[in-house]
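Peer 1: Protein sequence lines, in the order shown, are assigned to chains A and B. Using this note's numbering, read the first sequence as starting at 1 and increasing by one per residue. Using this note's numbering, read the second sequence as starting at 383 and increasing by one per residue.
Don't read these hints as lab results, they were simulated from the structure. Beta carbons: idealized from backbone N, C-alpha and C, even for Gly. Wrong hints could be hidden among the right ones.
[Unchecked claim] Straight line, CA to CA, 30 Å or less: simulated DSBU-like cross-link-like pairs of lysine-lysine:
1) B:448 to A:89
2) A:98 to B:448
3) A:26 to A:98
4) A:26 to A:41
5) A:26 to B:448
6) A:26 to A:89
7) A:154 to A:98
8) A:89 to A:41
[To be verified] According to the in silico footprint, chain B covers these stretches of chain A (three or more CB under 8 Å from chain B):
9) 74 to 80
10) 89 to 97
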Amino acid sequence: MVTPKKTATPARRRSATTTLLIATRKGLWTLQSDESRRAWKLNGPHFLGNVVHHAVLDPRDGRTLLAAARTGHLGPTIFRSSDRGRTWKEASQPPAFKAGSGRTVDHTFWLAPGHASEPGVWYGGTSPQGLFRSIDGGVTWHGVDGFNEHPDRKAWCGGDQDGTPDGPKLHSILIDPRDPAHLYIGMSSGGVFESTAAGANWRPLNRGVRADFLPQPDPEYGHDPHCVRMHPQSPDRLYQQNHCGIYRLDRPSENWLDIGATMPKSVGSIGFPLVVHPHDIDTLWVFPMDGSSVWPRVSPGGRPAVYRSVNGGRTWQRQTTGLPASQAWWTVKRQAMTADRAPTVGVYFGTTSGEVWGSRDEGRSWRPLARHLPHIYAVEAA
Amino acid sequence: MIVRIPGLLRSYTAGAAMVEVTAGATKPDASRGASVDSVLMELDRRFPGLRFRIIDEQAAVRPHIKLFVDGLLVRDLAHPVHAAAELMIVGALSGG
Numbered sequence: 001m002v003t004p005k006k007t008a009t010p011a012r013r014r015s016a017t018t019t020l021l022i023a024t025r026k027g028l029w030t031l032q033s034d035e036s037r038r039a040w041k042l043n044g045p046h047f048l049g050n051v052v053h054h055a056v057l058d059p060r061d062g063r064t065l066l067a068a069a070r071t072g073h074l075g076p077t078i079f080r081s082s083d084r085g086r087t088w089k090e091a092s093q094p095p096a097f098k099a100g101s102g103r104t105v106d107h108t109f110w111l112a113p114g115h116a117s118e119p120g121v122w123y124g125g126t127s128p129q130g131l132f133r134s135i136d137g138g139v140t141w142h143g144v145d146g147f148n149e150h151p152d153r154k155a156w157c158g159g160d161q162d163g164t165p166d167g168p169k170l171h172s173i174l175i176d177p178r179d180p181a182h183l184y185i186g187m188s189s190g191g192v193f194e195s196t197a198a199g200a201n202w203r204p205l206n207r208g209v210r211a212d213f214l215p216q217p218d219p220e221y222g223h224d225p226h227c228v229r230m231h232p233q234s235p236d237r238l239y240q241q242n243h244c245g246i247y248r249l250d251r252p253s254e255n256w257l258d259i260g261a262t263m264p265k266s267v268g269s270i271g272f273p274l275v276v277h278p279h280d281i282d283t284l285w286v287f288p289m290d291g292s293s294v295w296p297r298v299s300p301g302g303r304p305a306v307y308r309s310v311n312g313g314r315t316w317q318r319q320t321t322g323l324p325a326s327q328a329w330w331t332v333k334r335q336a337m338t339a340d341r342a343p344t345v346g347v348y349f350g351t352t353s354g355e356v357w358g359s360r361d362e363g364r365s366w367r368p369l370a371r372h373l374p375h376i377y378a379v380e381a382a
Numbered sequence: 383m384i385v386r387i388p389g390l391l392r393s394y395t396a397g398a399a400m401v402e403v404t405a406g407a408t409k410p411d412a413s414r415g416a417s418v419d420s421v422l423m424e425l426d427r428r429f430p431g432l433r434f435r436i437i438d439e440q441a442a443v444r445p446h447i448k449l450f451v452d453g454l455l456v457r458d459l460a461h462p463v464h465a466a467a468e469l470m471i472v473g474a475l476s477g478g
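Excised from the complex, chain B in its bound form (with noise of 0.2 Å):
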């Protein structure tokens, strides 16, 4: 699947604006299948640290970040994600 990678979190993928993840290569229990989670933990052994940028300590998404997997906006990380899926992480208009 595709991960869309905002300007924010590039310097975390040497400037890749797009990255190719197996979905559910981390995945806990296979028999569940892949989850938006099991993407971001994936995200995060190839590029550490960027996880926690974006997810808290509790497993929530951070305030101003937001997720799209096709288009639909997602809370839940365990939300499912196909193997052709594309999950979309956005920084939130605001600033200042």
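Isolated chain A (complex conformation) (with noise of 0.2 Å):
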């Protein structure tokens, strides 16, 4: 395995404000830090009513923001700003499979703004499983036909009605800031699956991952990854957050190493959320749940904690300053964990139960910056 060397990639110099965009079962609001990100102003809502699975600012432009929504009536599209959330205006073709092909978009479930180099495209991935991409900033979406008509799709992900108890996702769609036609994409469930053609040609990429909830314990495809993140200073560095553990991968290895087996048996290595820090390859955190009998998804223990690494995995630290000490029953959706690019790297983290949480500490200390908003989704620092 090629090991990257390690690079600790200065801090940009930007606005010392942290915005935070929440997206909940019922609604966007947004978190205004001052710049000493120990104030915070909680605005909205935004589209109150709707299921907001997901809300991205541009990072090419600074001002467009994308929101993924569907209510419980009706159905799915992406409303879009183009002045920080002051407007909206609804997307006028949104994500919808090939009319004959028999499936339906329930919901976008992610949102990917694509590469530097190709202002207003967009990628967005659905539930089931599809991928779409817009060419003019989110106004009008197509599908991938290479992914969305691939003919062994349906043997990748199953059926419509396979996945999650929240219907099966793609998700976590990686953009190569090298190469715009280097993808990656995470399916629950599919597996982690690379395309070097724009999306035009698709492989799994899943060696080293287990998959203990089918029959074959070392499958090539059909795995459940909850969260997969590319470094963006280093990008042949991946990790994933995984239903069997945590894994890194070091490209151009095709073999993920799990480094879940080093976190404490007790607490184990299941969990949704992964964020990676935007300026150390080998600094990580996540959010452990219960991941046995049932699946309960909650804290184990009831006594919340996000666990660092800051050396790939190899170790674990336990940060729990300022988090309840017991009977909190929280769970971390996998959006919802995020960093922001600060020199000293805030962390944040919104619950199933409404609360978000951040440390402007790199996870050494915590603290509530909001409570009582709906069941939250997504996180994104913007």
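Now that you have both chains on their own, put them together as the hints suggest.
Peer 2: Encoded structure:
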């Protein structure tokens, strides 16, 4: 295995304030910090009553925001703002499968701005698993046929009724900053797949990842990655939080390394989100949840803890200062944990019980930033 | 004809609860007469995006939406409508 040299990249100079986009089951809120990141102001809601699965700011222009929404009754759509959320317009052609395909998009689950050299390009991942692309900043969306029409897609993903209780999902759309045609996706279920042709070709990339819920212990695909991250400065470094542990991959190797085995046995290595340090390829955070018996997916023992590794997963430190010591049965979903890009990185997460917690010292201490919100699906730093 | 718009969709109609539509205004084949589908197409032409929120890409009524033509529950978009008919769009009872 190739082990990349550890590179600590300098923090980008930018406004010292942080904005968090908080997508919930009942609408979208934002949290805006002051320069010290001590004081936070909650704004919203936008789209009250809409199920907002993801909201993302385009880092290429710093002002375009996309939000993936649906309601309990109405079908899925995408809302778009070109002024950082002051005004919104609906996509004129939201993601939809081809007529006659027999497939329907239940909701858009994941939004990803495209490569820096392709302004206006966005990717969307849906439930059930579908990959969509926009070339006009999210106004119109078209299926990526190389995935949606691939003859093996159904074998990779299973049927549209298979997958997680909230519906099978295509998530973790990663674009190589060195090559706009080089993409990765994650699917629950399906596994991690790679394209070297802007989505026209795909192949599974799951070697070394367990899938102990399948009859075959080491299948080529069918895995359940919960969240896959690429290091923005060192894109050959990938991490994933999986249904069956935590893994690291250093390309060009194709063998994922199990880095969850070093987590405390009493806590385990199961969770949904994973966050990479924007300036250090070896530092990452996870939020473990109980994956035993019937998969409760809450903080083990009711004692929430963030775990950080500073050496690529060889060892882990428990980070709990400020978090409740007991009787806090939190669930944090796969998009609901993020980091800002400040020199001393801020780390943030939102719970399904509507609390947002933040650390302005890389997880050493935590405090609540917002409470009493609806079920949180996603937290993104803008 | 009259289309009754539920609260769920009035963001598309500038708050209007009732919209008058010329049935069959956008029907693809004039010889086949107006249908629920042609009414919804005309509605979408005037209020872009509305149709996809209630009819999916396979031309099926979405699970929690109900359409009534003159009080009759209709699932088939080819169901004929006459010029004086009333189409009522309803968000079926569900919530939480």
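Peer 1: With reference to the structure, classify each hint as holding or not holding.
Peer 2: Each hint tested on the structure:
1. B:448 to A:89: Measuring from Cα to Cα gives roughly 26 Å; hence the hint holds.
2. A:98 to B:448: Holds - the C-alpha atoms of residue 448 of chain B and residue 98 of chain A are around 23 Å apart, at most 30 Å.
3. A:26 to A:98: Judged against 30 Å, a Cα distance of about 29 Å means the pair holds.
4. A:26 to A:41: holds, 19 Å
5. A:26 to B:448: Answer holds: residue 26 of chain A to residue 448 of chain B is near 23 Å, not above 30 Å.
6. A:26 to A:89: Within the cut-off at roughly 19 Å; holds.
7. A:154 to A:98: holds, 16 Å
8. A:89 to A:41: Since the Cα atoms of residue 89 of chain A and residue 41 of chain A sit roughly 25 Å apart, the hinted pair holds (cutoff 30 Å).
9. 74 to 80: Coverage by chain B holds here, the residue count being 3 at a Cβ distance below 8 Å.
10. 89 to 97: With 6 residues closer than 8 Å to chain B, the segment 89 to 97 of chain A meets the three-residue bar; holds.
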